[in-house]
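Number of protein chains: 2
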Amino acid sequence: MSQVSTKQKILNAAEILFAKHGFDNTSLRMITTDADVNVAAVNYHFGSKKELIQAVLDRYFTLFVPKLMLSLKASLADKEDAFTLTDFYSAFIQPLLSLSGIHSKATATFMILVGRGYSETQGHLRRYFTTHYGELLSLLLDSVLKAKPELTRATVFWRLHFALGSVVFTMTSNTALREIALADFDKSTSIEDLIYELVPYLAAGMNAE
Amino acid sequence: MSQVSTKQKILNAAEILFAKHGFDNTSLRMITTDADVNVAAVNYHFGSKKELIQAVLDRYFTLFVPKLMLSLKASLADKEDAFTLTDFYSAFIQPLLSLSGIHSKATATFMILVGRGYSETQGHLRRYFTTHYGELLSLLLDSVLKAKPELTRATVFWRLHFALGSVVFTMTSNTALREIALADFDKSTSIEDLIYELVPYLAAGMNAE
DNA sequence: ACCAATTTCAAACAACTGTTTTAAATGTAT
DNA sequence: ATACATTTAAAACAGTTGTTTGAAATTGGT
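Protein chains in written order, with numbering that gives the first Met the number 0: chain A, 0 to 208; chain B, 0 to 208.
Hint data in this document are derived by calculation from the structure and do not stem from the laboratory. Honestly, I wouldn't trust all of these hints.
Any copy, or any two copies together, can satisfy a pair, since identical chains are not distinguished.
Below are the DSSO-like pairs computed for lysine-lysine, each with C-alpha atoms no more than 27 Å apart in a straight line [claimed, not checked]:
#1 Lys78 x Lys48
#2 Lys78 x Lys147
#3 Lys72 x Lys6
#4 Lys104 x Lys8
#5 Lys78 x Lys66
Use the sequences and the hints to build the structure in full.
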């Protein structure tokens with residue numbers, strides 16, 4: 000019990016701090032202090048900080064990726080030739096919402112971690128993404144191409160990442176953007192408002208040309 | 000001569016390293032080694048690392064922001080009530096290309112630095128952005144609203160930042176994304192191809208609903 | 001209750017961080 | 001050439017980083 004508990008206490012604390020400050024700006028001492036655990040525990044249970052980062056990401060990927068792939072495959076099989084972009088986007092909702100089982104902010108945290116993984120990447124994270132990302136990416140490309148056959152595979156690839164960029168940038172810059180938004184209009188913006196703004200924007204982008 | 004030269008050698012080296020590794024992951028010793036200058040020179044000429052970061056950003060902002068604002072105002076005055084989204088996007092081209100006067104990669108570097116400024120923000124950078132960014136943001140909002148009066152000011156605000164997110168994410172993740180793209184299709188993607196993909200996507204997003 | 005394996009802990013590790021100090025070198029006027 | 005201010009340079013600063021050590025505490029199996 001104590002072994003699992005310590006490991007998970009570290010993962011929980013690390014995840015929050017990684018999302019808030021980034022991987023490199025989070026020290027092991029910040030993590031172990033928040034987790035109420037000895038500094039040496041990280042190296043004992045995970046080996047190194049690098050492996051801790053991957054363990055944090057793994058927890059989300061092993062939960063999210065299979066669910067998303069199942070959801071997409073089910074929708075593709077169900078709709079067959081009538082599969083639309085709306086079906087594509089809808090396939091994300093359930094898997095994303097299911098992350099809330101971990102904790103309330105899990106969905107946002109996941110997106111932020113993915114974003115940080117992309118931009119803070121220093122080699123080992125890049126390799127991690129390309130391996131754990133490969134078959135999912137193929138399925139995503141195939142799905143969109145089913146809904147929009149007139150697009151090239153390359154165009155779909157880039158548009159998917161443009162969309163990811165909008166989401167990830169909005170998440171990681173959340174505090175800064177909300178502050179600026181608050182200074183310009185005096186009405187504050189909730190996460191729900193943001194999603195409401197985001198969805199039609201992403202849909203229109205993928206539908207371009 | 001020697002004083003200006005040292006200052007600029009530091010700025011040039013810092014800019015490249017900041018864009019490549021981020022602000023916090025770039026040490027003063029990395030910068031001064033690349034610049035072939037003593038470590039103490041940074042604190043002598045700039046006061047602190049924070050002030051060096053702002054000096055690097057300043058070099059771009061003082062060059063880019065006035066040009067963009069003039070370009071937008073000229074276009075607004077010229078087209079009057081016939082100002083379109085195409086006019087809006089076109090106003091960026093000249094100011095962005097003029098950055099190439101600094102060096103060949105200046106435009107991409109500028110976008111990356113802006114992106115890092117948003118997500119690595121720890122307080123002082125956020126304040127820097129809101130002050131040096133305020134009147135430009137207002138002008139951008141007004142311009143888009145002239146072209147698309149049916150949108151609310153808040154919607155335009157978020158869509159502008161969604162677009163910035165796509166650009167910035169694509170820039171900062173450039174290497175990683177190109178690697179993935181190369182693994183999936185075997186045709187490599189140039190920056191020109193990327194812009195060609197980006198423009199219709201951004202236009203469609205702003206035109207949504 | 002015992003032994004052995006697992007886990008925790010305080011302390012120290014070498015390497016690195018931004019910054020400061022002090023002295024030497026350089027430049028610039030008179 | 002003298003006197004002054006500006007700029008460079010080597011060295012050390014206190015603080016933090018990830019990681020390792022070795023002994024203490026805890027655990028689980030018999």
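Now for the hints, and whether the structure bears them out:
Taking CA atoms no more than 27 Å apart as the test, Lys78 paired with Lys48 passes in neither setting, with 44 Å inside one copy and 57 Å between copies. For a Cα distance limit of 27 Å, the shortest separation of Lys78 from Lys147 inside one copy, 14 Å, qualifies, whereas the shortest one across copies, 36 Å, does not. In this assembly of identical chains, the alpha carbons of Lys72 and Lys6 never lie at most 27 Å apart, being 34 Å within a copy and 58 Å across copies at closest. In this homomeric assembly, Lys104 and Lys8 come within 27 Å of each other (Cα to Cα) only inside a single copy, at 17 Å, whereas the closest approach across copies is 44 Å.
In the homo-oligomer, the alpha carbons of Lys78 and Lys66 lie at most 27 Å apart inside one protomer (18 Å), although the nearest pairing across protomers, at 51 Å, exceeds that limit.
Hint violations for this structure: numbers 1 and 3, all remaining hints satisfied.
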